[in-house]
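K.L.:
Here is how the chains run, residue by residue.
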Amino acid sequence: MVTNPLTKNIDMSRPPLDITAYEANDGYQSVHAIAKGLSPEDVLELVKGSGLKGRGGAGFPTGLKWSFVPRGDNSPKQKYLVVNADEMEPGTFKDRLLMEGDPHLMLEGMIIAAYTIQASKAYIFLRGEYTVSEVVLRNAIKEAYEKGYLGKDILGTGFDFDIIMHTSAGRYICGEETALLNALEGKRANPRAKPPFPQVSGLWGKPTIVNNVETLCNLPGILTYGIDWYQGLAKGNDHGTKLFGVSGKVKTPGCWELPLGLPIRELLEGYAGGMQDGLELRGFLPGGGSTDFMLPEHLDITLDYDEIAKVGSRLATGTMIVLDDKTCPVGMVGNLMKFFAHESCGFCTPCRDGLPWVDQIFRDFENGEGSEKDLQILHDHVTYLGPGRTFCALAPGATAPLGSGLKYFKEDFEKHITEKRCSYKH
Amino acid sequence: MAKIVIDGVEHEVNPDNNLLQECLSLGLDLPYFCWHPSMGSVGACRQCAVMQYRDADDKEGMLVMACMTPAADGAIISIEDEGAKSFRSEVIESLMTSHPHDCPVCEEGGECHLQDMTLMSGHNYRRYDKKKRTHRNQYLGPFVNHEMNRCITCYRCVRFYGDYAGGTDLSAQASHHHVYFGRHEEGVLESEFSGNLVEVCPTGVFTDKAFSENYSRKWDLQTAPSVCVGCSVGCNTSPGERYGSLRRTVNRYNSEVNGYFLCDRGRFGFDFVNNSDRLLEPVQRVDNTGELLADDQVKAFIKEFKADGTIGIGSPRASNESNFALRAMVGEENFYAGYSDVEHESMQVLLDLASDTAFHSPSVREIEMADAVLILGEDVTNVAPRIALALRQSVRNKAKDLADESRIPQWQDSAVRELAQHDLSPLSIISSAVSRLDDVASDRVIESLSVVAAMGHQIANKISASAPKADCSAAHDQVIEKIVEQLKAAKRPLIIAGNSNGSEVIRAAANIARALYDFKDNSAIDLCLLVPEVNSVGMSLMTNAKNPLGAALKKLHDGTAKRVIVLENDLYRRASRAKVDAALTAATKVLVLDQLPTSTTANADVVLPATAFSEHEATYINYEGRAQLSFQVHQCKKQAQPSWRWLCDAEHVDDLVERCCNEVPGLARLREVLPGENPFIAGMKVPRQSHRYSGRTAMTANVNVHEPKQREDKESVMSFSMEGMPAQKDASVHAASWAPKWNSNQSISKFQDEVNGELKQGHPGCLLIERKDSSGSYFKAGSDSIEPSANQLRLVFSYQIFGSDELSARSKPIQARMTDAYIGLSPQDAQKRDLRQGDVATISPLGSP
Amino acid sequence: MSQQVIASTATKARRLSADEIVEIEHEMTLYPDKRAVGLEALKIVQKHQGWVSDESLLGIAKYLDIPAADLEGVATFFNLVYRQQVGKNVILFCDSVSCWIMGCEGIKSYIKDKLAIDYGETTEDGDFTLIPVPCLGDCDKAPVMMVGPDMHRNLTPEKIDSIIMDCKTIQD
Amino acid sequence: MVCIRRGIKAGTALLHCGDGNISPADFSGLIEVEKSATQTTSRGIGNLIVSDFHEEEINS
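Residue numbers (our numbering), protein chains in the order written: chain A, 1 to 426; chain B, 1 to 849; chain C, 1 to 172; chain D, 1 to 60.
If you are wondering where the hints come from, they were derived from the structure by calculation, not from laboratory data. As the structure is a prediction and not an experimental result, all values here were calculated from the model. Cβ coordinates follow ideal geometry from the N, Cα and C atoms, glycine included. Keep in mind that the hints are not guaranteed to be accurate.
Unchecked claim - Straight-line alpha carbon distances no greater than 25 Å define the calculated DSS-like cross-link-like pairs of lysine-lysine that follow:
(1) B:Lys400 <-> A:Lys194
(2) B:Lys59 <-> A:Lys310
(3) A:Lys8 <-> A:Lys147
(4) C:Lys34 <-> B:Lys398
(5) A:Lys310 <-> A:Lys410
(6) A:Lys187 <-> C:Lys43
(7) A:Lys420 <-> B:Lys132
(8) C:Lys114 <-> A:Lys425
(9) B:Lys812 <-> B:Lys638
(10) A:Lys415 <-> B:Lys130
(11) B:Lys131 <-> A:Lys420
(12) A:Lys8 <-> A:Lys48
(13) C:Lys34 <-> A:Lys77
Unchecked claim - Covered, in the sense of this in silico footprint (three residues per stretch, anywhere, with C-beta under 8 Å from a C-beta of chain A), are these stretches of chain C:
(14) 40 to 48
(15) 92 to 104
Unchecked claim - FRET-style restraints, in silico, Cβ to Cβ:
(16) B:Glu80 <-> A:Asp277: 52 to 62 Å
(17) B:Asn137 <-> D:Phe53: 20 to 30 Å
(18) D:Ser51 <-> B:Ala668: 37 to 47 Å
(19) A:Arg265 <-> B:Glu80: 41 to 51 Å
(20) A:Glu419 <-> B:Arg126: 25 to 35 Å
(21) A:Gly151 <-> C:Pro149: 20 to 30 Å
(22) B:Met369 <-> C:Asp118: 53 to 63 Å
(23) B:Gly27 <-> D:Glu55: 47 to 57 Å
(24) C:Ser162 <-> A:Lys8: 27 to 37 Å
Work out the full structure, taking the sequences as your base and the hints as a guide.
P.N.:
Given below as C-alpha cells:
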C-alpha cells in the first residue's frame, strides 16, 4: 500500500510527471470516484472522518472548516476556493517541493475541495518568486483542461470548475488567510477582522475556503485509498503523513515526507544526518520562524501537533531551523525580528510600531550597544505583542522566537551587554 | 436592552452597539483613536482595549478591543484592570515612538485627541531612544496643511475621505511603520468635504491652512453656537473669533442636520466677515463720492422712508428678524421678494407642497435612511453639499441589510463594506449634466430640462395612473421602468428636486411623490426640495405671493413708488441689469443695507453697514422649514449694526421675534428656538470665552494701558466674558465642545444623551411649517418647451459650491478654489462654433430678457 | 503666506502599449472587479518596462478608470512592485534566518564590494540592482538568491562571480 | 470662458455665473454662444473638478 502519498511521484532530478503518467499512478482516481456517485456531503464526511488537519500552520481540522460554508439554494451562488501557495514563513520550503514535484496532485486536491463546497472558481495565490512552480502549474492546468478534469461539467458530474493562477506581488502578510483575500482583490493586503469568517464573507464578499497546498495534496489519497489507509499512515494521534524539513548546519538538510508522530531525534539525526562535524545542537525552531525554540532535551518528543504544544511550541509548518553552538542566538532572533518588522502590514499599532523598536534594539545588541533597559523593553514587548493584542497573528508569531529566545539564551543576551560585543563574530 | 457589568457595576446597554460606543454613551472615559461615531469600528489602533471575563469566577480574563466586541447581554468587562491599563499605556508609547513631540508648534495643541488619550492612558515617560521615521509633506491645496510626521496611522483620514465621502485622491501608501497618507502626487484635494480631515484627524497631520495664517489656540477663541449661511441646509457651526477677526469655523453637532461634518464652503466661507472691503460706516453717496453720515443724519434720512411711497425689498440671505423689521417698516403690501421672479414663482409651489400632508420634508439624518433615491434636475453636491454627503450614506443601506442577513454587526465597518462590495441601494439621477454623485448612481440619464420634467411625469404616471401622463420619447422607457420598480419596492423612497432651474422639475418631482403616496396607502413620502440660500424659506413665508421683485422694479420705474430700501441684497444677481438700472435711477431715494459693497450699493443714495451672521443674533429657516437660532459670536467694529436695528426701534431681538410670531402666520412658532424664559443657571450667563481664555486684560494695551470694562451684552443669554455657567454644567447653550480630559472635538459624546443621540442642551431647531392641507392634487405636465433652432442652445444654470454663493465667494480660501464664469458645452456644440477648451465666448440671450 | 501654487507636478499619463493592453484585457476576464486587475496591470507593465514609472501608473489608472491614489497605495505596499528604476538584472537576495545561519552576510558583503552597491541601489552601468527579499523557500540549499526569474542555490563567492559573468555575457 | 464637457447633452448649455458681472437673471430659456475676441480671464477654469472634462486630442 502507498505510504508516501504526497511525494510518490516526486523525483526532482527529472521534470514532474505529465498527466498521463500521473493518471497511471492512481492519478485523478478521486475525481472518477466522485463522478461515479460521491455527493459533496459524502466527500465532506470522508474528509471529516479522516481527521485531516490544516498543514498551513494553524492546524485547524479541514473538514470542520469546510462545514461552515453555507450550502443549499439560499446560500450565495458564487463560492470560491483559494489555494494559499504564498509560502514565505522563514525556514519553510515544503510547498515548493509539492508544486514543482507533482502539480497534478494539488490540482486533484483542488477539484475535491471545490466540489465539496460547490465553488465554481478557484484562485491559486502563488508566491511571485516561485517562477518555476508557476510554469509547471500553468502547464498542468492546461493538461487538466484538455483531459476534461477542469472546465464545464467535469466528467459528466454537472460540476463546473475553473482554476485561475495569481502570482503575489510579494508580502509575507499575504500568507494570512484574509490578507491574502484582500491582495487577490487588488487591495492593500491588510488582514480582515474575524468574525465574519471567509466561509461567510470571503473573496469579494462571497463564501470562500482558503486551504494550504499541502492540505489539498492530502485529499486525493483519502478519497482513493480510504480513511483506514489514511489513519494507518501515522504513529501518533494525528493522522496522515506530512512534509518535514530541516535547514541549518546539519549534514544533509532537506525535506522528506514522514508519518506524523515520528520522534524529532529520528528526523534530525536520521534523515538530516545530525549536526555538521564540530558543531553541537544548541536549539531549534520546530515549525519555521513563528514557533518557540525547543532544546536538545526535547529531541525525544514526537512530531505531533499536541505533543509539541505541550512544551510550549508549535508544529506549525513542520520545517525545522537548527541553531548550532557556533552561531549567535541573539543574532538569529534579531534576524527574525528584522523580518517581522519589515513584513508588518502597518495596520495595527503594537505590530507596526512595536516590532521596529525591537528590531533596532537587536541591532544595538549586535553592535555592542545593548543595555539592561533595552533588555527589559524586549521582555515587555513579548507580552505587549501577544495573542489578542494585535489585529492578526503576525506579531504574536514574532513573540514566539523572541520570548523563548530571551528565556533559553538569557546568558547570551547578558554577555552582549557586559562584553559590549557579539562574542560569536569571528 | 442588555445588561453588562463594567468594573463591577451593572449597566443597561444597547446590544446592537459595540462596547466602546456603549461605554462612551454611559459617560465612561475609555480611550480610542480609529473608531468614529459616524464611521464605526475597524480595530486598527488597539487603544480601546478592555479586559473581558468569561464568567464571574474568571479572574484572569482576556484582552479584547471594546470597539470590535458586541455589548452582548451578560458581558463582564473591566476598563480599570491593571493589565488593560498597562496595555493601553504601551499602545500610546508605541504610537509616540515615531511622533515628533512638537506640541508647542503644532496647531492641534489644546484640541488634540492624541494629547487627551495620552493623558487618559497614563503614559508619561518616554523610553524610546532610537531613530524616528520621518516623512516629506505634500501641498494639498488652500484648505488643509499636511504634516505627516505627526501621523499615528489610525486610518481615520482615508476612511472618512474615501469610504465615507467618496473622495478618490487620498490613500494609504507604503507599509510597516512607513505607512503614508497622501495624494498620488501633490495637488489640490478634490473632495468638497476635504476640510473635515482637520476634525477627523486625531493629531496635527491635517490642520486648517486658512486658520494657520492667523492662528490662535482653541481656548483663546471666543465662540458661540452659530448656523452656516452658505446654503439652505442650515449646518450648525462654532465660529471662533480672536482680536476682532473670525479665525476659523468648526462643526457643531446637530443630530438632525449636519451630525459631525461640514462641507468646505461652510468651513472656509466665513472669511468674508474679515474682508477688508467690509462696510463699517453709514455713507451717503453724493455724485459718486462717499461721505460719512453722523447718527442724526442717518435717523433723519431713515425717517423720510417712513412716509408713503416707500417699498422694501427683502433678502433670502438675511435673517428673519431683518426681513421682518423691513416689512414692519414699509408694511406687508410694500414688502417685495428678494429673489428672482423665477425663484419667486417656484417658491410658491414649494410653500404649497410644504404644507401638503402627502409629503414629508426629510432632515439630513432622515435622508440617510432612504433606501431608494431619485434626483431630478439638481446638482446636489453644489447646491446643498452636506445633503450629497448624506446621500453617499443612504446608498449604503443595501449593504446594511446584507450585513443584517449575514449577522454582521453594522458597526463593523470594513466587514459590511467587504460583504456588499459595489452592491448599493438604488440612486437615480436625471439631470442635464454629469454630477459629483454619478459614481454612486445606479442609473444616470442626461437630458435637457424639459425632457427631465417629462420623464418625471412619466415615472409618476407609471407608479399611479391618476398622475397625468407626459409625452416623452420611448428611448428612456426602460430606465423609467427600472426606476419605478425601485421606488415602489423601497421602504423609504426619497425624491429630490430644487428650484435652481425653475419649477417645472419640482412639479414633476411632486407628482412622483404623490403617486408614491397613493401607491403606498397614504404614508407621507420624503420629498426634499432644495433652495439655494440660507433663508429663502424664511423670507418666502413673510412675502406676499403678489409681490415678486419684478413688480417692485416696475413700480419704481413707473414712479408709483418713490423710495426703496434694499435689505442685504445685490439686485443685479436677481433681475436683468436693464430693469435694475431703470428702477434704481428712477427712484428718488435708495437706501441699501449690506455687509459688503455690491453693484447695488454703488447705485444707492445711502448705504448703511449691516453686521454679518457672526456679529448678531438671528434666526434662519432651512430647506425643510427648520428654524434655527444663531448666536452672536463677537462685537462688530465701528458702526455696523444688525439691519433690523437700523430699521426699527425694537429694544431686543426677542421682542422682534415675538411681533414676527404674531404677525406672520408661517412663523408662529419661531419663538420656540429662543433660549426660553429662564435660560440662566443660578442667574449667570453662558460665557463665550473658555475658562482658559488668556490675555483679556492686555488685549487693547496698544490702545490704552488701562483694562477696559468688560463688554456688556444686554441682549443675549451669552456674555462676552469668561465668567458664567459654562456649557458642561447643563447651561441651555452649547457652543464649543470641551470637557474635562476631553479637549478635542471628541468631547461631544459628553454632551449627547448617548453617542449619536440628541444634545442634552441646545436645540436641534424647530420645524415651523404645519402639514395640514390634504387637498393637494397632481400638477399638469408642462407643455414641451420651445425647440432651439440650429445655433441656439437651451440654457441651464450650473450652481458651483465654490463661487455661486454670493458671500462665501468673498472669502479668501474659497476664492483660491473658485473658477471663472464659464459656459459648459458638449463637444459637438463646441465644435460647431469652432470653440476650444478655455476659449473666451460671448453669450447673448434670445427673446425679451 | 502667499498663494503658493507649486508648478503643477501633475505628470502626464503614459498611453499603455498595445501588448500591455492585450494582457490587461485578458486579466479582466479573470477577475470580477477592476481593482484586482489594477494589481495585475502593475505586474504586466513592470514585465514590459522593468519598473512602474509615475507615467505608467497614471496610464493604468486612466485605462482601468480606477483612482490613481488607490493604485499608488497598492503599488507601494508590495515588495516586488518597483516604483523606481531598476537595473537589467534584479538580484533578490534572501537574508532570512536559514540563509543567515548559513552565512549569507558574507555573500552579501562580497556582492557589495564586487558591484559597489548596497541594498536598494543599482550599479553604475545599470546592470544590477540588489534588493533584500524575505525567505525564498529553498532553505535546505541556503544561502540562496534570485537573479531575475532564476534561482541560485548554495551560494559561494565563486558562484557569485560566475553568475555575474554569465549575466554580462548574455547582455553583450 | 468655455468648458467643454462630454457629460453635457448636445443642444444644452451650462452657465456658471461665478463672481463676475454676469447675472443669471439676464438669461432665460435659450441663448446663443459665439467665439469672441480674446479677452483674458483671471482664474480660468483650472479649479473646476468634473469627471467628464473633455481632453482634446491635440492631433497635429
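K.L.:
Could you run down the list of hints and mark each one as holding or not?
P.N.:
A quick look at each hint next to the structure:
1. B:Lys400 <-> A:Lys194: holds, 18 Å
2. B:Lys59 <-> A:Lys310: holds, 24 Å
3. A:Lys8 <-> A:Lys147: holds, 22 Å
4. C:Lys34 <-> B:Lys398: With Cα atoms ~21 Å apart, Lys34 (chain C) and Lys398 (chain B) stay inside 25 Å; holds.
5. A:Lys310 <-> A:Lys410: holds, 22 Å
6. A:Lys187 <-> C:Lys43: holds, 14 Å
7. A:Lys420 <-> B:Lys132: The hint holds at about 24 Å.
8. C:Lys114 <-> A:Lys425: Judged against 25 Å, a Cα distance of about 23 Å means the pair holds.
9. B:Lys812 <-> B:Lys638: holds, 22 Å
10. A:Lys415 <-> B:Lys130: holds, 22 Å
11. B:Lys131 <-> A:Lys420: holds, 20 Å
12. A:Lys8 <-> A:Lys48: Given that 25 Å is the threshold and the Cα spacing comes to 24 Å, the pair holds.
13. C:Lys34 <-> A:Lys77: Between Lys34 (chain C) and Lys77 (chain A) the Cα gap is close to 21 Å, so the pair holds against 25 Å.
14. 40 to 48: holds (count 3)
15. 92 to 104: holds (count 8)
16. B:Glu80 <-> A:Asp277: 52 to 62 Å: holds, 59 Å
17. B:Asn137 <-> D:Phe53: 20 to 30 Å: At roughly 28 Å between Cβ atoms, Phe53 (chain D) and Asn137 (chain B) fall inside 20 to 30 Å, so the hint holds.
18. D:Ser51 <-> B:Ala668: 37 to 47 Å: holds, 46 Å
19. A:Arg265 <-> B:Glu80: 41 to 51 Å: At roughly 50 Å between Cβ atoms, Glu80 (chain B) and Arg265 (chain A) fall inside 41 to 51 Å, so the hint holds.
20. A:Glu419 <-> B:Arg126: 25 to 35 Å: For Glu419 (chain A) and Arg126 (chain B) the Cβ distance comes to about 28 Å; the hint holds.
21. A:Gly151 <-> C:Pro149: 20 to 30 Å: holds, 29 Å
22. B:Met369 <-> C:Asp118: 53 to 63 Å: Between Met369 (chain B) and Asp118 (chain C), where Cβ atoms are some 59 Å apart, the hint holds.
23. B:Gly27 <-> D:Glu55: 47 to 57 Å: holds, 55 Å
24. C:Ser162 <-> A:Lys8: 27 to 37 Å: holds, 36 Å
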